[in-house]
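**Q** Taken in sequence, the protein lines are chains R and W. Going by the working numbering, the first residue of the first sequence is number 1, and it counts up by one from there. Going by the working numbering, the first residue of the second sequence is number 214, and it counts up by one from there.
One or more hints might be untrue.
What the hints assert, rightly or not - Partial selection, computed: residues in chain R whose CB lies under 10 Å from chain W:
#1 Glu-27
#2 Ile-29
#3 Gly-104
#4 Asn-122
#5 Ser-159
#6 Ala-203
#7 Thr-208
Worth flagging that the hints you see were computed from the coordinates, not collected in a lab. Quick reminder that beta carbons are idealized off the backbone N, C-alpha and C, glycines included.
Number of protein chains: 2
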Amino acid sequence: MNEQTPPAVLPLPTIRRYPIYLRCIRELITAGELHISSAVVAERLGLDPVLARKDLAMAGVPGKPRRGYPALALQDAINKALGWDSTTDAVLVGVGSLGNALLGYRGFEEHNLSIAVAFDANPGLMGLTFHGVKVRPMEDLPRLVRRLAIKLGILTVPSAAAQACADQLVAAGICGIWNFTSVQLDVPDKVVVQNVDLAQSLAVLSHTIATRS
Amino acid sequence: MNEQTPPAVLPLPTIRRYPIYLRCIRELITAGELHISSAVVAERLGLDPVLARKDLAMAGVPGKPRRGYPALALQDAINKALGWDSTTDAVLVGVGSLGNALLGYRGFEEHNLSIAVAFDANPGLMGLTFHGVKVRPMEDLPRLVRRLAIKLGILTVPSAAAQACADQLVAAGICGIWNFTSVQLDVPDKVVVQNVDLAQSLAVLSHTIATRS
Numbered sequence: 001m002n003e004q005t006p007p008a009v010l011p012l013p014t015i016r017r018y019p020i021y022l023r024c025i026r027e028l029i030t031a032g033e034l035h036i037s038s039a040v041v042a043e044r045l046g047l048d049p050v051l052a053r054k055d056l057a058m059a060g061v062p063g064k065p066r067r068g069y070p071a072l073a074l075q076d077a078i079n080k081a082l083g084w085d086s087t088t089d090a091v092l093v094g095v096g097s098l099g100n101a102l103l104g105y106r107g108f109e110e111h112n113l114s115i116a117v118a119f120d121a122n123p124g125l126m127g128l129t130f131h132g133v134k135v136r137p138m139e140d141l142p143r144l145v146r147r148l149a150i151k152l153g154i155l156t157v158p159s160a161a162a163q164a165c166a167d168q169l170v171a172a173g174i175c176g177i178w179n180f181t182s183v184q185l186d187v188p189d190k191v192v193v194q195n196v197d198l199a200q201s202l203a204v205l206s207h208t209i210a211t212r213s
Numbered sequence: 214m215n216e217q218t219p220p221a222v223l224p225l226p227t228i229r230r231y232p233i234y235l236r237c238i239r240e241l242i243t244a245g246e247l248h249i250s251s252a253v254v255a256e257r258l259g260l261d262p263v264l265a266r267k268d269l270a271m272a273g274v275p276g277k278p279r280r281g282y283p284a285l286a287l288q289d290a291i292n293k294a295l296g297w298d299s300t301t302d303a304v305l306v307g308v309g310s311l312g313n314a315l316l317g318y319r320g321f322e323e324h325n326l327s328i329a330v331a332f333d334a335n336p337g338l339m340g341l342t343f344h345g346v347k348v349r350p351m352e353d354l355p356r357l358v359r360r361l362a363i364k365l366g367i368l369t370v371p372s373a374a375a376q377a378c379a380d381q382l383v384a385a386g387i388c389g390i391w392n393f394t395s396v397q398l399d400v401p402d403k404v405v406v407q408n409v410d411l412a413q414s415l416a417v418l419s420h421t422i423a424t425r426s
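Same shape as in the complex, but just chain R (with noise of 0.2 Å):
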């Protein structure tokens, strides 16, 4: 009867400064806070006290009037809000250079994210190993995202491919894209995809810093 229930869905807004939130109360934590008022979090993170009191609100810890939110209870109930306290099993699409920099990122690990497989179209890519993940063919995809139960894709092929990859990911159950093609794919409604663009974001700094030079 007292099945573990998911978290609560929370506004997106909530859910992108809940990773802000997350830094300054480890912080604090080290500085040896056991509370945490929302107060003085927004005051260090420079927001709207108002809004980091409804954010914080919204991760479901009863706080205290004056002495604020139990730190570490806190700081666990934001990690589960994000899915970051069970590592996240993700497969990646593309191991061309950016892929392949994306597998040698270390960083994931401190969100508990794992890339369990990569997948590619290049029969010369087959069977390597590029930090410590293994590549294999774009056909084994439906079969090992089910079999994986694997919810989270990552798509890093170049843009010619990307729709008809993201459209295997959906097929094969995937319900998030983090697509960091220059694409804007067309996907279910049930399927949430967040787009890295970093040809879109080096435009405007090398365009900014063109007409002004």
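Place chain W on chain R using the hints.
**A** The following block gives chain W in isolation, referenced to the frame of chain R:
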């Protein structure tokens, strides 16, 4: 008298879309097209035709009714507007796991971005070369950025060091910061910041997956 004028300052949303147009234009040129109309580009990219017409007109290439723009001239003009027609030199600050991954990312070359030198506070890294880029101590940052006339800084330091490093970059004359930390940087108005917050992006995905399983 006939000095080369810098490209006009364009609206940021247009600049953000330019890399996507560029990819489409490159594909059409590869397919043998000599002229490109905004209507064709809009259709291929699923964009509003009025928006695409305005965006492409801002590149400043004279088009012809019915035929469209000369393909190569349009490609050159967009590359120029993005500052991708000549090499942009950058410095990278923070040679941790992410900094190292970015130093190894060959995709920047496609956009004529070159990381000239990297800085780190860790004495153990001094003088080492990662992916062909030498690591220098932070003390050398002001002098080297000025001497090499570098305008773009890539920030991949731990959060706690982010603002101080940004301050050093700004003081050295940087006018664009590519911020891969989770910190909202406080910089003068004349400095453009582009945030790529992987933790925030991952938070949305892992929260979604945690609340659906």
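**Q** Would you mind marking each hint as holding or not holding in the structure?
**A** Against the structure, the hints come out as follows:
1. Glu-27: The hint holds - Glu-27/R has a Cβ within 10 Å of chain W, the shortest such distance being about 7 Å.
2. Ile-29: Ile-29/R check fails; min Cβ-Cβ to chain W is 14 Å, beyond 10 Å.
3. Gly-104: Hint on Gly-104/R: holds, closest Cβ of chain W at ~5 Å, below 10 Å.
4. Asn-122: violated (15 Å)
5. Ser-159: holds (5 Å)
6. Ala-203: It holds, given that the least Cβ distance between Ala-203/R and chain W is near 5 Å, below 10 Å.
7. Thr-208: holds (4 Å)
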